[in-house]
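**Student:** What follows is the residue order along each chain.
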Amino acid sequence: MTHEHIALLLDETRLTLEELASSCAVSHEWVIEHVQAGVLTIELVGDPRTWQFTSRDLLRTRKMIDIERRFDANPELAGLVADLSDELDRLRVRMRRAGLPLD
Amino acid sequence: MEFKDYYQMLGVPRDAGADDIKKAFRKLARKYHPDVSKEPDAEARMKDVNEAFAVLGDAEKRAAYDQLGQRYQAGQDFRPPPDWDAGFEFSGPGFSNGDAADFSDFFSELFGGRFGPGGARRAGTAHDGVHGGFHMRGEDHHAKVMLDLEDAYHGATRTIMLRMPRLDASGRTMLQEHTLDVNIPKGVYEGQMIRLAGRGSPGVGQGQPGDLYLEVHFKPHARYRVEGRDVYAALPVAPWEAAHGAAVQAHVPDGTIEVRIPEGSQTGRKLRLKGRGIPAASSGGTAGNLYLVIEVVLPRANTPKARELYETMARELHFDPRSGA
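So the sequence lines, in the order shown, correspond to chains V and E. Residue 39 in my numbering is what sits at position 37 of the first sequence, and the numbering runs on without skipping anything. Residue 546 in my numbering is what sits at position 283 of the second sequence, and the numbering runs on without skipping anything.
Chain E with its partners taken away, still in its complex shape (with noise of 0.2 Å):
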């Protein structure tokens, strides 16, 4: 495990006051916010700064990280002493166990003891809660799952893997990876939350565990773009098939089906196939639509014969695409 200069991180010196950090802390949560950063790893970054701020703003825990940081520096081995803390007391960590789920190993290995179900701020306060028949339900967790569109039409189990605060056997909480099935239904949405009850933080004393919620994104697909329920994709069609009208098969997301194209469309025109976007999640809701939008795909022109077609159509069709007629 490497060595983390929470001051480099922050970039801010040693012997920066609280106010000067808070004021680093800002800036760069302003420049790493996912919704205006441009930087491509935004939000690494941005978890480094919220683990950066989380030890260097509050005093408790600078003033133990100080005294071990006197003697590493930035990616150096490292393992910290038995007893690295001793003579420190922790009273508030300012951050959840949702946020330091987020954090790094050299986090957990640090401070993963000093938080706990519930947001319970001291160290031990899990086991004396045991004994002392205090009693408190566990936090609750969030994290994003990624699907395929694909899943919204026919539900799916995915395999997710996180980082959850876990009780030891004296009653420390740490970080623990772990795997967890999840059988999502059908008709799921972006942007939607899917509850897993009792899959957050465990409960203090018998206190019941916290839910996880996990918040609904698709992947990006070639074919399709998702809007709510709705699902757009292109239809490429042939000039004629355009002219004429015709029936094609077109690739849907759950399968292939035959569709009519009206005599005379032209690109950019919208069928919609209603109830064939996202499908409803239950009996008595509202399947989404699918539209699809026809694209007129030009031969090209590179046989003697395909040239000479052109040519015709050039000749005798008088057409000026510019005329606005």
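Excised from the complex, chain V in its bound form (with noise of 0.2 Å):
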């Protein structure tokens, strides 16, 4: 027996500090010295608690939690590699787009 669940879709609503934190199973410290460290890529300023948070930058939480956490990383190598990754799924994107084999 299962029941249906409504789906909230990230973006229409944003997670606040607390919940991106909390999703990501890290410090809400954390998640501010790599804001203001510039790693996480989230233009933000002010009062951490007024921040809020889209899909993208949870999908780049996590990506850099698990860089950091597998290879021992500090946060600037992890957001270099992030980058690097990030770059990667642009240029797959448009050679896809072109038509060209991804070997």
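Incorrect hints may appear among the rest.
To be verified - Using 27 Å as the maximum straight-line C-alpha spacing, the simulated DSS-like pairs for lysine-lysine come out as follows: (1) K482(E) / K537(E); (2) K533(E) / K294(E); (3) K310(E) / K294(E); (4) K568(E) / K533(E); (5) K65(V) / K537(E); (6) K407(E) / K290(E); (7) K286(E) / K310(E); (8) K286(E) / K65(V); (9) K482(E) / K65(V); (10) K65(V) / K310(E); (11) K286(E) / K301(E); (12) K537(E) / K449(E); (13) K482(E) / K533(E); (14) K482(E) / K301(E); (15) K301(E) / K285(E); (16) K290(E) / K301(E); (17) K310(E) / K482(E); (18) K482(E) / K449(E); (19) K407(E) / K65(V); (20) K65(V) / K294(E); (21) K407(E) / K310(E); (22) K65(V) / K290(E); (23) K533(E) / K449(E); (24) K301(E) / K65(V).
What the hints assert, rightly or not - What the simulated footprint calls covered on chain E by chain V, stretch by stretch (three residues with Cβ under 8 Å from a Cβ of chain V suffice, anywhere in the stretch; the number is not a length): (25) 398–407; (26) 458–471.
To be clear, the hints were calculated from the coordinates, so they are not data collected in a lab. We put the CB at the ideal spot given by N, CA and C, even for glycine.
Two chains, each in its own frame: build the complex with the hints.
**Tutor:** What follows is the structure in structure tokens.
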């Protein structure tokens, strides 16, 4: 027996700092430090309690956590790897658009 | 259930030091990372590597596993003996419930009761929590959901299979498979997260359950390519339709529409159908566009009449496609 569950679309509603931290199992301080260091690529200033996060921010945060934990990477290095990974995704999209094989 | 040889999975000897295990894990994590790996089974191998490191990278779990592993080989039929872990204290798993949901039944059988809501690490923690007045919100979970592009136009109900930690009667946390019917609203796009409140791990004590986040991906489509909310499709047209202009029927994700091909169109020309891409999720949002990319298709010269028509064109048009004119 299953019940139907209504899904809320992120971006229509956004995540607070607390929700983002809880969702990624990190502390508020971890998120604030990474935002302020510019490695989450989120342009946010002012009181962190007013910050709001999108789907893209959530995915980026999870990617950063994964890289930092898996390779004991510092935030700057993890940020660089995440940037390169994003660039790789963009190039793959352009290759697909141009009808070029990925290999 | 088959016994898993975690040493073999990481490619290290049984007497490998902690540093060697970490080094082997990182090497394989790089090799099978989904962003860079060209191995066809990279995702499955990455899960294996994560699982092996969750055990061998933790001194307490490794010691318990080693005691058990002396009697088994990889692939051998396996049932954990009663009290196989007697005398061992597991204090920290180094992985989250979300990670553990990806791990094998073998792992779940051995260590399934050793993790708990909110990352509670000690066996019995959740049970103690209920009686000790301790409350904690359950952990959030993340999963991917594959949709058809058409689902983004109309909305859909999808049944999703998940392995989630659940408390049993004695307060132990075990991985349990269950299905969830999710009503996905129209307007979702690739990479968007959808949130199901209260569908994550159960809370401890009177703590609220966590949430479930689903990352939206579209199944590859033979006809359409998606970028954000914009949708691209090829529109094959005959040479005379491209030359003279024509009104043609085109398949689009939400049906069939009539499109006007402008006179003198060439292959590659994009026709933009404003607002016919992925619809907005809410009334104030903006719908994407649908781009039809014209593809002039030549008729085959496989009949005398067709050959004659091509010969007439060759003779009378003086057309050189390489002249750049």
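**Student:** Each hint needs a verdict: does it hold in this structure or not?
**Tutor:** Each hint tested on the structure:
Proximity of K482(E) to K537(E) is assessed by CA-CA distance (about 24 Å); at most 27 Å being required, the pair is judged to hold. The hinted pair formed by K533(E) and K294(E) fails the criterion: a straight-line CA distance of about 40 Å is larger than 27 Å. Simply put, K310(E) and K294(E) have alpha-carbon atoms about 12 Å apart, close enough for the 27 Å limit, and the pair holds. For the proposed pair K568(E) and K533(E), the alpha carbon gap of about 32 Å is over 27 Å, so the pair is violated.
Distance restraint check for K65(V) and K537(E): the Cα-Cα separation of roughly 34 Å exceeds the 27 Å cut-off, and the hinted pair is therefore not satisfied. Pair hint K407(E) plus K290(E) holds up; C-alpha atoms about 26 Å apart against a cutoff of 27 Å. The suggested pairing of K286(E) with K310(E) holds, with an alpha-carbon distance near 17 Å, which does not exceed 27 Å. A hinted pair counts as satisfied when its Cα atoms are at most 27 Å apart, and K286(E) with K65(V) qualifies at roughly 21 Å.
Proposed proximity of K482(E) and K65(V) is supported: the alpha carbons are some 22 Å apart, at most 27 Å. Among the hinted pairs, K65(V) with K310(E) is consistent with the structure: their alpha-carbon atoms are about 16 Å apart, no more than 27 Å. Simply put, K286(E) and K301(E) have alpha-carbon atoms about 21 Å apart, close enough for the 27 Å limit, and the pair holds. In summary, the hint linking K537(E) to K449(E) is supported, as the alpha carbons are separated by about 18 Å, within the 27 Å threshold.
A hinted pair counts as satisfied when its Cα atoms are at most 27 Å apart, and K482(E) with K533(E) qualifies at roughly 24 Å. At roughly 20 Å between alpha-carbon atoms, K482(E) and K301(E) fall within 27 Å of each other, so this suggested pair holds. About 23 Å separates the Cα atoms of K301(E) and K285(E), which keeps this hinted pair within 27 Å; it holds. A distance of roughly 15 Å separates the Cα atoms of K290(E) and K301(E); the hinted pair therefore holds under the 27 Å criterion.
Taking the CA atoms of K310(E) and K482(E), the gap is near 22 Å; set against the 27 Å cutoff, the hint holds. Between the alpha carbons of K482(E) and K449(E) the distance comes to roughly 16 Å, so the proposed pair stays at or under 27 Å and holds. With a CA separation close to 14 Å, the supplied pair K407(E) and K65(V) stays within the 27 Å bound. Between K65(V) and K294(E) the CA atoms are separated by roughly 17 Å; this keeps the pair inside 27 Å, and the hint holds.
Annotation: proposed proximity of K407(E) to K310(E) holds, straight-line Cα distance about 15 Å (limit 27 Å). About 18 Å separates the Cα atoms of K65(V) and K290(E), which keeps this hinted pair within 27 Å; it holds. Between K533(E) and K449(E) the CA atoms are separated by roughly 26 Å; this keeps the pair inside 27 Å, and the hint holds. A hinted pair counts as satisfied when its Cα atoms are at most 27 Å apart, and K301(E) with K65(V) qualifies at roughly 19 Å.
Against chain V, the stretch 398–407 of chain E contributes 4 residues with a C-beta closer than 8 Å to a partner C-beta. That satisfies the three-residue criterion, and the hint holds. Counting residues of the stretch 458–471 of chain E whose CB lies closer than 8 Å to any CB of chain V gives 4, which reaches the minimum of 3, so the coverage claim holds.
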